[in-house]
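**Student:** Single-letter residue listing:
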Amino acid sequence: MIRPLVTRLFDRMHAHPLFRAHSRKAVISLPFVWLLIFMLLPFFIILKISFAQMGIASFLPLTQFKDGVLALNLDLTHYQFIVQDQLYFRTYLNSLKCAAWTTAWCLFIGYPFAYFMARAKATVQPALLMLVMLPFWTSYLLRVYAWKGLLLNGGLVSTILIKTHLDWVLLQAEVITERGMFMNTEFALLVGMVYTYLPFMILPLYATLSKMDGRLLEAAADLGATPWVGFWKVTVPLSKAGIIAGSMLVFIPCIGEYVIPELLGGPQTLMIGRVLYDEYFGNLDWPMASSVAVVLILLIILPLAVFNKYQAEATEVRP
Amino acid sequence: MTPVSTSDAKAFVQIRDVVKDFGAGSLAVNNVSVDIHQGEIFALLGPSGCGKTTLLRMVAGFEIPTAGRIVLDGLDLDALPPYLRPINMMFQSYALFPHLTVWENVAFGLKREGMPRQAIAERVEAMLKLVQLQRYGQRKPHQLSGGQQQRVALARSLAKRPKLMLLDEPLAALDKKLREETQIELANIIREVGVTCVMVTHDQEEAMTMANRIAVMSEGKILQVGTPTEVYETPATRFVADFIGNVNLMDGTVVVDERDYVEIDCGFCRHRVGHGITGTLGMKVSVALRPEKVRLRKTKPDGDLNQVRGTVHDRAYFGSFTLYVLVLPDGQRLKVTESNNERNRTDAPAEGQVAWATWPDTAQVVLTL
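Protein chains in written order, with this note's numbering: chain A, 52 to 370; chain B, 295 to 663.
These are calculated hints, taken from the structure and not from any lab test. Here a beta-carbon is modelled for each residue, glycine too, at the ideal position from N, C-alpha and C. The reader is advised that the hints may include incorrect statements.
These stretches of chain A come out as covered by chain B in the derived footprint (C-beta under 8 angstroms, 3 or more residues) [what the hints assert, rightly or not]: (1) 206 to 217; (2) 284 to 291.
Now the in silico label distances, taken between C-beta atoms and shown as ranges [to be verified]: (3) Ala420/B to Val220/A: 47 to 55 angstroms; (4) Gln432/B to Leu69/A: 41 to 49 angstroms; (5) Trp279/A to Arg411/B: 18 to 26 angstroms.
With the hints as constraints, model all of the structure from the sequences given.
**Tutor:** Have a look at this one:
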């Protein structure tokens with residue numbers, strides 16, 4: 052009963068003159084409304100809290116109407132504090148650094164992975180794709196916990212790293228502080244982050260690489276490009292969209308990541324996600340926490356906006 | 295069209311006993327040997343799946359022959375990967391690099407050679423001038439029309455001055471009108487540059503207008519190699535006769551074999567073939583007769599030979615000519631085209647009317663079965 056009804060409603064909607072006249076607007080309006088309610092509205096609430104003064108039990112109102120005067124009280128002290136306090140600055144920087152390294156390693160591991168997946172036999176590809184997505188069947192919290200066991204003293208990965216003397220290399224790279232100790236280090240944090248976010252890099256890369264026209268590589272070879280040159284001059288530029296999409300999907304959630312630094316990075320890890328958690332639920336200083344969150348969002352959105360503008364200009368059709 | 299002498303020019307490209315087996319049961323290319331001369335445009339013509347593209351891709355180096363060898367100007371191509379062969383290809387639907395401008399597309403091969411910057415700029419400008427796209431250097435391929443893209447592809451494949459140029463269905467992506475104009479233009483540019491050229495096409499008109507010589511292929515084999523006139527006027531097999539242009543095929547037996555003519559009995563119609571062929575009496579043969587060599591009359595012509603009576607079953611007006619389909623007494627169909635060189639002809643037979651088809655004794659081609 053329901054199916055025919057839905058079908059009819061769907062067809063009716065599309066046949067309706069109003070829908071046909073404004074179909075483009077109608078199609079984007081639905082996700083737009085969604086974003087409005089679940090993204091923009093909460094953001095404005097956070098923004099409002101960030102400008103609020105803390106009263107005894109709750110925030111003081113931003114606007115006050117008294118004796119015919121409308122007063123707007125914007126408390127900027129929290130923002131001031133963020134700018135002045137070295138700790139916040141260092142935390143933001145460290146989060147960005149950590150996200151950047153994670154993105155770089157995901158790209159370094161994910162690109163060859165996606166490349167060979169896209170070039171594999173068409174019959175094997177679904178199986179490979181399945182393998183990439185398989186970890187999602189387990190909660191990522193559990194998988195991060197599992198890494199704890201692997202990296203602890205006597206853990207499998209830990210033992211292998213010590214036996215192969217790779218821990219010496221890691222020490223030289225200054226991602227661990229002592230040979231044989233991996234837990235609560237930058238190394239553990241990076242391993243956890245890369246492991247968790249790798250599929251988000253591979254999937255968009257695979258999508259662009261598998262769509263690529265193989266004849267373009269033949270054309271490059273025909274014009275004298277060795278396979279290596281063809282890869283850098285044709286494959287990589289043409290997978291730019293996938294590289295960007297994958298990097299965004301990894302970079303953005305990495306900045307605010309909370310669970311992995313908490314579980315693998317140890318207490319000394321400075322990540323903005325942890326600061327946010329502490330401000331909200333430890334100090335219960337919501338205006339301060341909201342200010343930190345707003346700055347974080349601006350930090351992510353500004354480069355995105357600049358990038359989008361540049362992208363739009365680059366793809367614009369010249370007359 | 296400048297004819298290339300086939301006898302004294304030495305083979306520039308030698309394709310010898312080339313076999314390609316994809317393991318699909320039948321051979322994609324089945325023991326092909328052919329010589330291509332310097333400076334000629336050589337067309338591989340055949341229906342899809344006949345192996346022509348596979349043969350071309352083996353010359354380019356994208357496929358490795360299962361057996362046989364390909365030699366270009368004394369250079370054995372066997373061991374050379376595509377990027378080391380002095381060959382450039384114009385791909386079907388062009389395969390232009392979408393992320394590069396027209397200028398960069400044309401310069402791509404030159405940069406790989408490590409040519410100095412100044413020399414590259416000069417060569418690219420010259421190439422763009424050759425194809426009349428000087429003003430389009432900074433555009434991306436998607437900002438060009440199909441015809442312009444085709445010219446960029448041509449410029450790109452000519453830029454390195456290859457010894458041999460390969461064209462894979464060069465005009466298939468263009469619409470009919472543009473294709474006809476481009477055929478001649480493309481052939482002119484290639485001849486101006488003087489590069490030897492192998493093209494693959496399924497379009498016989500394209501092959502006939504552009505190529506000096508045509509190899510007709512079917513099921514992995516070359517059936518006939520010859521000039522456009524040769525393959526059209528004297529096809530070697532039933533397949534060639536049927537594939538190139540329109541043809542009426544009639545089976546018959548040789549009944550008279552004289553010194554300067556033979557007569558072939560095809561049931562309702564008796565052929566007298568006046569050009570130099572001989573056969574043995576009673577030999578089974580096919581007679582191929584092009585529709586445009588047949589004339590249609592409303593009254594019975596004199597004599598008994600080279601004529602047949604039929605009913606006009608269908609009449610299709612094509613503008614410059616009209617196609618008649620005549621049903622012969624035994625149910626066979628005979629196609630006849632009459633050129634419309636007169637407006638509003640009144641003596642043309644109408645559908646359902648009886649008409650006689652007649653042809654001169656030079657019109658037929660006799661094919662042994």
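**Student:** Compare the structure with each hint and give your call.
**Tutor:** Evaluation of the provided hints:
{"no.": "1", "hint": "206 to 217", "result": "violated (count 0)"}
{"no.": "2", "hint": "284 to 291", "result": "holds (count 5)"}
{"no.": "3", "hint": "Ala420/B to Val220/A: 47 to 55 angstroms", "result": "54 angstroms, holds"}
{"no.": "4", "hint": "Gln432/B to Leu69/A: 41 to 49 angstroms", "result": "44 angstroms, holds"}
{"no.": "5", "hint": "Trp279/A to Arg411/B: 18 to 26 angstroms", "result": "22 angstroms, holds"}
Hint check: a violation occurs at hint 1 only; the rest are consistent with the structure.
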